[in-house]
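Start from chain A and add chains B and C according to the hints.
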Amino acid sequence: MGTGRLYAAVATGGFRRYATYRVATAAGVFTNTVFGFILAYTYIALWQEKPHLGGYDQAQALTYVWVGQAMFAVMVLGSAGFEEDLIERIRTGDIAVDLYRPADLQLWWLAADLGRALFQLLGRGVAPMLCGALFFDLALPSGALPWLACLVAVALGVLVSFAIRYIVALWAFWLLDGAGAMQITWLTGVFFSGMLLPLNVFPGALGDLARLLPWSALLQAPADVLLGEADVWGTFAFQAGWAVVLLAAGRLLQSAATRKVVVQGG
Amino acid sequence: MADVDERPATTGTEDDPFGAYGPYRRLRDGLRAYRMIAAMWIRSTMAYRASFVMTAFGNFAATALDFVAILLMFSQVDELGGFTLPEIALLYGTSAMAFGLADLMIGSMDRLGRRVRDGTLDTLLVRPAPVLAQVAADKFALRRLGRVTQGALVLGYALATLDIDWTPLKVLTLPMMVVSGGVIFAAVFVGGAAFQFVAQDASEVQNAFTYGGATLLQYPPALFAKDLLRGVTFVLPLAFVNWLPGLYVLGRPYPLDVPHWLAFAPPLVAAACCLLAGAAWRAGLRSYRSTGS
Amino acid sequence: MNERFIELDRVEKVFDVRKKTGFLRRERREVRAVDAISFTVSRGEMVGYIGPNGAGKSTTIKMLTGILTPSGGRVRVAGIDPSRERTRLARRIGVVFGQRTTLWWDLPLVDSYRLMHRMYRIPDARYRENLDRCVELLELGDLLDVPVRQLSLGQRMRGDIAAALLHDPEVLYLDEPTIGLDVISKAKVRAFLKDLNTERGTTVLLTTHDLQDIEQLCRRVMVIDHGRLMYDGPLTGLHEVGEGERTLVVDLDRELPPIEAAPARVVRVEGPRQWLAFPASESAAPLVARIAAEYPLVDLSVREPDIEAVIAQMYAQQAERVGEAGQSVS
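One line per chain: the protein sequences are A, B and C, in this order. Using this note's numbering, the letters of the first sequence correspond one by one to residues 1 to 266. Using this note's numbering, the letters of the second sequence correspond one by one to residues 1001 to 1293. Using this note's numbering, the letters of the third sequence correspond one by one to residues 2001 to 2330.
Calculated from the structure, these hints are not laboratory results. All of these numbers come straight from a predicted model, not from anything done at the bench. The beta carbon of each residue, even a glycine, is placed where N, CA and C say it ideally should be. Just to be clear, a hint being listed does not mean it is correct.
As the list claims (entries may be wrong) - Distance ranges between label pairs, derived from CB positions:
(1) B:R1035 with A:L151: 52 to 58 Å
(2) C:V2298 with B:S1287: 36 to 42 Å
(3) C:D2182 with A:A240: 53 to 59 Å
Stated by the list, open to error - To give an idea of the interface, some chain B residues facing chain C are shown, with a C-beta separation under 8 Å as derived from the structure:
(4) A1047
(5) S1051
(6) R1117
(7) T1120
(8) D1122
(9) T1123
(10) A1272
(11) L1276
(12) R1282
Stated by the list, open to error - Straight-line Cα separation of at most 20 Å, DMTMM-like style, residue types lysine to aspartate or glutamate; simulated pairs:
(13) B:K1139 with C:D2106
(14) B:K1226 with A:D137
(15) C:K2194 with C:D2142
(16) B:K1226 with B:D1257
(17) B:K1139 with A:E88
(18) C:K2194 with C:E2170
(19) B:K1139 with B:D1163
(20) C:K2186 with C:D2253
(21) A:K260 with A:D137
(22) A:K50 with B:E1079
(23) B:K1139 with A:E229
(24) A:K260 with A:D104
(25) C:K2194 with C:D2168
(26) A:K260 with A:D94
(27) C:K2194 with C:D2175
(28) A:K50 with A:D231
(29) C:K2194 with C:D2182
(30) B:K1139 with C:D2111
(31) C:K2194 with C:E2215
(32) A:K50 with B:D1257
(33) C:K2186 with C:D2111
Excised from the complex, chain A in its bound form:
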């Protein structure tokens, strides 16, 4: 099998694996929608108090809420994705088998994660977004171009999201128990992605810092592209830059981990 076809098969597998759980997907959509409603009402109050907060009008702020709920599963901002499996394989030592496979470990997991992300975009992203558009006045673009640009930003965001989680999972080679590391990444991710509050509402230096960190590529970037609040090519470059840096860091860590496994004899 050609390598391209191998990874395509892995990605399809990732898609299928999540597609099997229909009830779980419906339950997730329901929960995202409920949270969307709660957040939407608090944002309405916030923007009533201070219109044009962070440069958004109220419709844009509400759109941000529902983009956030749509990205929740896609960017793995809540539960865990592949990294739980990977950490488990590292803990049990099964990872040695993976390292001897004629496939690249990082690409393998990336392909699987892309499959997952695609499913969750369709399965868990679309429905809350539609629901939000039904109940609230959203600032959705009418042309196709902003939507396409947003999709590109989402794809780049998934790359960054994967790269971060891959690095965290590989820490398990050196830490005995990956739970703590995962929790801290999760916390940082939730906060600095803008899931709780758009980053442009963060005050002063904290806001500036948050917008430079890689997590802003996950939600803030796609949302701003959709809302027409960002320079599209600049945003893509920012996301792609972080993706390259973090994926490269993941590779370095991976080769260090491989050496560790080989030295220990698998």
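Leaving out everything else, chains B and C in the frame of chain A:
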């Protein structure tokens, strides 16, 4: 040693294993089993002390982030829906404490679906203790004290900064709402678990009502649409956790036209929720035992 | 001694299975996991319960322990209706779930026993006596302070068996107690069970795929297939079981109610496909002719009983072992 504190097992009438299994007896048996299993889990987590410290801190930090988001909002505005930061802190603190207590006591009940799927529920069904108690104590984790602690700190901040005209009734209302609220949330956990007997993959649905409910109650009710308020007042009575009693303490009106003695109804509502959740649990277990996994 | 300790009278368990047949289409069908089974087990008997996977073995055990409520018939264990008085029965039975340990993973083995001590309210002296006995016979002495996660599979199984016996159960149910164990562990487990049964008079019901388990332990064997009791008797008569029933798999051109063609009976329906069991002594030809005449037949095949394959395999493994040991089979 763990079993020294336990009174020796006797064969007398009091401990007669074949005695009547009335509701009182079942409750006592359940609490006893709960204590024993929870103690085992505490000792299990202590096998990984470093991880426990880290996750306990993580739990505290994770829940504190919710409040940080509110602080960030108040860095931009002075009021939200007409409420000041200390007023919202009171709602936040009581909601977080009530939910945190329920989460601490029986927060792992959302794993029931998994237990049904992998068949480990059966191993609990052959034990001489109520299954509900065994499932409730499952994965008991002291790290969840993080949320309670965090809620208590925010509540402390609220009480220190608020200028409330304290009366004995208002003072009593505070502990009453935290305890009743905890029981209401616990009933939601049990109801959600009962639902998982039917839909094993639907553990996320209950997150909408538990975590979602706790988030909702952190904000003043005036922010939300009237239909939503009616829903959480009359259908799933989360409003009794802290909105109705909390607004009474703050001296603020409830946005719906309801009699104001409802502010003191949380214990009754909590009891009713327990009865309903218990009925749902029994129905769920019955359906499991007639259909298998 | 001949007290009827376990009694099943025409016990049935019917499941409603929903199967996905398309994107949103689901098909409902009934599965008779246990179909009118009757047997009794006297106090102090040791019975092997065998059959292919999905034959209804574990469903029976689940009804005997009160986990599942029967759809029909009557079950009594020690005079108790398990499904109605599950908690009361729990004190008098012990259960070992083969692949699922009930021990506490991260804690020393003895901690799990202490929990049993308290949960079952075992009198202190009794607990100590039983624990000492299990420790001695199952050779658990060095393992008591070891966290369960560090035990081997065989050690864990021995640990699980001990945990199920501390409260002096009158009957012990074991699900595949020797699966995956090495030869030495198997021998230890078997010796212990034999001792338990003869010395203490504990009634034992065990499911297994290992003929040696049965040969060495059980004077009586029950075979179940398609939810029906196919054989109940001494091990020596087991080879006759295969003579029981064969299965005719019929594909019709559409979904129809169960085919009526005595002496064959429909054991399973899945859309247009139906499974009919018929006595192995009868020829399939007249049956096929009758069905072809009365029903829109598309395809059919005759299957030898699964149970025969299972038993044949058990004997084959046995022969292999004997062959390996270099002994002649007489």
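Hint check results:
At roughly 54 Å, the beta carbons of B:R1035 and A:L151 sit within the given window of 52 to 58 Å. Checking the proposed 36 to 42 Å range against C:V2298 and B:S1287 shows it holds: the Cβ atoms sit about 37 Å from each other. The hint said 53 to 59 Å for the Cβ distance between C:D2182 and A:A240, and at roughly 56 Å that hint holds. For B:A1047, the interface hint holds, since its Cβ comes within 8 Å of a Cβ in chain C; the closest pair sits about 4 Å apart.
For B:S1051, the interface hint is violated, since its Cβ never comes within 8 Å of a Cβ in chain C; the closest pair sits about 11 Å apart. Interface restraint check: B:R1117 against chain C, minimum CB-CB distance 13 Å, threshold 8 Å, status violated. Here the hint on B:T1120 is kept, as its CB sits about 6 Å from the closest CB of chain C, short of 8 Å. The interface hint given for B:D1122 holds, since its Cβ lies 5 Å from the closest Cβ of chain C, which is under the 8 Å cut-off.
For B:T1123, the interface hint holds, the least distance from its beta-carbon to any beta-carbon of chain C being 5 Å, beneath 8 Å. Evaluation of the B:A1272 hint against chain C yields a violated restraint, the C-beta minimum of about 27 Å exceeding 8 Å. Because the smallest distance between the Cβ of B:L1276 and any Cβ of chain C comes to about 23 Å, over 8 Å, the interface hint for this residue is violated. Annotation: B:R1282 was flagged as interfacial toward chain C, and the flag is violated, the nearest CB pair being 13 Å apart, outside 8 Å.
With a C-alpha separation of about 12 Å, the suggested pairing of B:K1139 with C:D2106 holds against the 20 Å cut-off. Of the supplied pair hints, the one linking B:K1226 and A:D137 holds, its CA atoms being roughly 18 Å apart against a limit of 20 Å. Among the hinted pairs, C:K2194 with C:D2142 is inconsistent with the structure: their alpha-carbon atoms are about 23 Å apart, more than 20 Å. The suggested pairing of B:K1226 with B:D1257 holds, with an alpha-carbon distance near 11 Å, which does not exceed 20 Å.
As the CA atoms of B:K1139 and A:E88 are separated by approximately 19 Å, the hinted pair is consistent with the 20 Å bound. Proposed proximity of C:K2194 and C:E2170 is supported: the alpha carbons are some 15 Å apart, at most 20 Å. In summary, the hint linking B:K1139 to B:D1163 is not supported, as the alpha carbons are separated by about 41 Å, beyond the 20 Å threshold. Under the criterion of a C-alpha separation no larger than 20 Å, the hint pairing C:K2186 with C:D2253 is inconsistent with the structure, at around 51 Å.
Restraint check for A:K260 and A:D137: the C-alpha separation of about 55 Å exceeds 20 Å, so the hint is violated. Between A:K50 and B:E1079 the CA atoms are separated by roughly 10 Å; this keeps the pair inside 20 Å, and the hint holds. This hinted pair does not check out: B:K1139 and A:E229 have alpha carbons roughly 46 Å apart, beyond 20 Å. With a C-alpha separation of about 17 Å, the suggested pairing of A:K260 with A:D104 holds against the 20 Å cut-off.
Between C:K2194 and C:D2168 the CA atoms are separated by roughly 16 Å; this keeps the pair inside 20 Å, and the hint holds. Taken as a hint, the A:K260 and A:D94 pair is honoured in the structure, with Cα atoms around 14 Å apart against an allowance of 20 Å. About 16 Å separates the Cα atoms of C:K2194 and C:D2175, which keeps this hinted pair within 20 Å; it holds. Between A:K50 and A:D231, the direct Cα distance comes to roughly 25 Å. Violation of the 20 Å bound is thereby established for this hinted pair.
This hinted pair checks out: C:K2194 and C:D2182 have alpha carbons roughly 18 Å apart, not beyond 20 Å. Proposed proximity of B:K1139 and C:D2111 is supported: the alpha carbons are some 16 Å apart, at most 20 Å. Taken as a hint, the C:K2194 and C:E2215 pair is honoured in the structure, with Cα atoms around 12 Å apart against an allowance of 20 Å. With a C-alpha separation of about 29 Å, the suggested pairing of A:K50 with B:D1257 is violated against the 20 Å cut-off.
Note on C:K2186 and C:D2111: the hinted pairing is violated, with a Cα-Cα distance of about 25 Å set against a maximum of 20 Å.
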